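There are 2 protein chains.
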Amino acid sequence: MSDAPIAARIDGVAGSSLPLLDRGLQYGDGLFETMRVVQGRIPLLDRHFARLAEGCLRLAIPVPPHAVLEAEVAELAALPGVGVVKIIVTRGDGARGYAPRHGTTRRIVLALPYRAWPQAWHRDGIAVRWCQTRLGCNPRLAGLKHLNRLEQVLARGEFDDSNVQEGLLADSDDRLVGGTCTNVFARFGHAFCTPALDRAGIAGVVRGWVLEAEGMGASMEVREIGRERLAEADEVFVCNALRGIVPVIRLAGPEHTWPVGVLTRALQMRLAAAGIGHEVGA
Amino acid sequence: MSDAPIAARIDGVAGSSLPLLDRGLQYGDGLFETMRVVQGRIPLLDRHFARLAEGCLRLAIPVPPHAVLEAEVAELAALPGVGVVKIIVTRGDGARGYAPRHGTTRRIVLALPYRAWPQAWHRDGIAVRWCQTRLGCNPRLAGLKHLNRLEQVLARGEFDDSNVQEGLLADSDDRLVGGTCTNVFARFGHAFCTPALDRAGIAGVVRGWVLEAEGMGASMEVREIGRERLAEADEVFVCNALRGIVPVIRLAGPEHTWPVGVLTRALQMRLAAAGIGHEVGA
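Protein sequence lines correspond, in order, to chains Y and E.
In terms of this note's numbering, the first sequence opens at residue 1 and continues consecutively.
In terms of this note's numbering, the second sequence opens at residue 1 and continues consecutively.
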């Protein structure tokens, strides 16, 4: 399948290429959002926009005008065959030094097809393994969906094995941070826990949605999960805005298995009803 | 002064724009070299090429063919007005996940004018300050001149003060790593020291040149420099491939001053003779 975008807008203009001096290329000086499109609509759109705005504020990149971006996204989401809309915001042009003096923003909106994960992964669960690549800690960048993703690229490059579907990442102190492209939740008794992302990691919009889920019969908590402790969990899932919630049933390496959790299934169905992920039988 | 490149080649073809799906933009998935051009020639060119090749190997990006890249660089370096040639190498196109499966390389070569630092900085020295931004530690990326440079952008954004010319960066354990765009050397008695870059930082080509300098009356050593210890140095300089060697005479914040060192001056003149930096009177 071709990677070519179905459509693209650069600062509102149709196009397929970027000035070479863009700071997104030069320094990774920008942010992105990758959003699922379902029948022309984007679930959790407000959360995506809120995260992008927060990232712009933290990086001191002028926030793109909300109405303009919303209109561009809506226009591209409505095109036939579009299953994903990706926004990239950079600090504009400048290749002559790191100083972020430009008060400019460049916005790029890409319309792409959706590539589904197999239905069986959603239904029966996936296997994960620990990556050797660790995440460096930087509180100023932690949580942001910024363009500096080499750690994730290296981690994802560690496995190309049909028996493993996602890699788990620890920080330099051996604490779980998340998956290479997902956040991780683990239930211990009545508490569904996900790691704090104040030192490393990306604060996913589905993570935020899960943390606010009510009436699940479990508390949703941000809590440290040590590497060894994960095996003690009663159920585990990974999540992101393209795939939704996917049960984790196996850890490879030090072998461990978990059941597909009842609460995982309930959250998965609730999120699928909101448009993200598959509806699967309980 | 315009930022526009004098000329650019993308995979050997003249052009000024990049496909939007390039992984350099999408993930910072690539490397760069910024090289001084003096009368059509590039000092320390072999060191630049060696570092680029090492970076490609460590990131598992196919190394661009040496002869091809060398010819492109030579062609652009010979153009009128060119003072800097920048090479960017990315993993090619791909915006659908971090997996680095593409066996492709895209090479971008930019010809740019040189923007000199004031002669007085080279002659009389500059002032530095500590940045609050810390560098995260990641041994897999340490030393590489990769495209993930948000830490440097944030650090450089901390000062816009004509009294301070460079910022010093410490890692999360309070050890000096380097400047925002330079390496740092500090002499303690008979030892000229620069920090190890096995956890963070960029291994500059001039740093490598200095470490191999002989007959200076001082040993050149890779050694940890604690933040407090820097004030005990007898002389300090910063260096990079565009500016050469520049004395540091003042620390702002906790105030401290150093003299322009005799050995700094000797190294500076030796490197200037090789084409990088100004010839200044002793």
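Please keep in mind that the hints were generated in silico from the structure rather than gathered at the bench.
Be aware that a few hints might be false.
Copies of one chain are not kept apart here, so a pair can be met inside one copy or by any two copies together.
[Stated by the list, open to error] In silico SDA-like links for lysine to any residue, alpha-carbon gap of 25 Å or less:
1. K145 x A99
2. K145 x G157
3. K145 x Q132
4. K145 x R250
5. K145 x P19
6. K145 x S172
7. K145 x S162
8. K145 x E228
9. K145 x P254
10. K145 x D93
11. K145 x P80
12. K145 x D124
13. K145 x A196
14. K145 x L263
For clarity, every value in this text was computed on a predicted model and none was experimentally measured.
Hints, one by one, checked against the model:
Taking the closest pair of Cα atoms, K145 and A99 come within 25 Å of each other both inside a single copy (21 Å) and across two copies (17 Å). Within a single copy, K145 and G157 get their C-alpha atoms as close as 20 Å, and across copies as close as 19 Å, so both meet the 25 Å cut-off. Taking the shortest Cα distances, K145 and Q132 sit within 25 Å of each other both inside one copy (22 Å) and across copies (21 Å). Taking the shortest Cα distances, K145 and R250 never come within 25 Å of each other, neither inside one copy (27 Å) nor across copies (37 Å).
In this assembly of identical chains, K145 and P19 lie within 25 Å of each other by CA distance both inside one copy and across copies; the values are 22 Å within and 21 Å between. Within a single copy, K145 and S172 get their C-alpha atoms as close as 20 Å, and across copies as close as 21 Å, so both meet the 25 Å cut-off. When the C-alpha separation of K145 and S162 is checked against a cutoff of 25 Å, the pair qualifies neither within a copy, at 27 Å, nor between copies, at 33 Å. For the homomeric pair K145 and E228, neither the shortest alpha-carbon distance inside one copy (27 Å) nor that between copies (34 Å) is at most 25 Å.
For the homomeric pair K145 and P254, neither the shortest alpha-carbon distance inside one copy (30 Å) nor that between copies (35 Å) is at most 25 Å. Taking the shortest Cα distances, K145 and D93 sit within 25 Å of each other both inside one copy (20 Å) and across copies (20 Å). When the C-alpha separation of K145 and P80 is checked against a cutoff of 25 Å, the pair qualifies neither within a copy, at 27 Å, nor between copies, at 41 Å. Neither within a single protomer nor between protomers do K145 and D124 lie at most 25 Å apart by alpha-carbon distance, with minima of 29 Å and 42 Å respectively.
For the homomeric pair K145 and A196, the shortest alpha-carbon distance inside one copy (15 Å) is at most 25 Å, but the shortest distance between copies (30 Å) is not. For the homomeric pair K145 and L263, neither the shortest alpha-carbon distance inside one copy (28 Å) nor that between copies (45 Å) is at most 25 Å.
Checked against the numbered hints given earlier, this structure breaks hints 4, 7, 8, 9, 11, 12, 14; the rest are met.
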